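Turn these sequences into a full structure, and let the hints steer you where they fit.
Numbering (the working numbering), first residue to last: 158 to 368.
Some clues are possibly wrong.
Label pairs and their in silico Cβ distance ranges [what the hints assert, rightly or not]:
| hint | residue 1 | residue 2 | range |
| --- | --- | --- | --- |
| 1 | Ala267 | Ala327 | 28 to 34 Å |
| 2 | Ser311 | Ala185 | 47 to 53 Å |
| 3 | Gly231 | Glu197 | 37 to 43 Å |
Derived from the structure by calculation, the hints contain no laboratory data.
Owing to the predicted nature of the structure, the values given are computational and were not obtained by experimental measurement.
Even for Gly, the Cβ is constructed at its ideal location relative to N, Cα and C.
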Amino acid sequence: MRRIATLLAAASLCTACVGSVLRSDVDAPDRYRLEGPAAEPGGTALPLSITVARPGSPLSLDTDRIAVATPGLGFDYLAGARWADPAPQMLQQLLVDVLARDARFATAVAAPSRVPTDLMLDADIVRFEAAYSDVRSPPTVMVEFGVNLVDVRSGRLVTSFRVAATAASASNDRGSVVAAFEQATDQALREAVSRVASDAARQSGGPGARD
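Below, the structure written as structure tokens:
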């Protein structure tokens, strides 16, 4: 069960940054969307198509609220700020975009889709939160998710792995915390997509396959 609590030292962190999400006097929240890593040039096109399932996640992360872990107070959310979409949906679209652009799959689509594909990527979000070690210091964003890549034609598991990344927020204002989410998410996405592309190429025996 997630616990909603007011961070006692919120005034020293930032005005209306971490606090109760149940306050009735909070203005309409600012909406943030992660853009994903910048495009990387080069690479060999993969003659494969891939579907990305909506990632699984704990109920506390299956929301558009921006998650915060605080010492002694447990789980909370940033006040006055929301993701543009629930975190799993946002990560799903980021994976589709980077797989198509940087891994250069012939087709990359988000499930559900009627487009038949060769591979299915199924991810599970483990961590997607800003963690405070104490109430006076900026948080460190922690992003961690597991990946299962399945050959749709045979039902065989191609690869299974976990990626994790962290990024320290420069300060306690909402913009800096979201920028740290962007940095950590970009790092995790690059690692995951590189691994997926390499293992998919090896599976197909195409360019980039490893011995």
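Q. Among all the numbered hints in the text so far, which are the ones the structure does not match?
A. none
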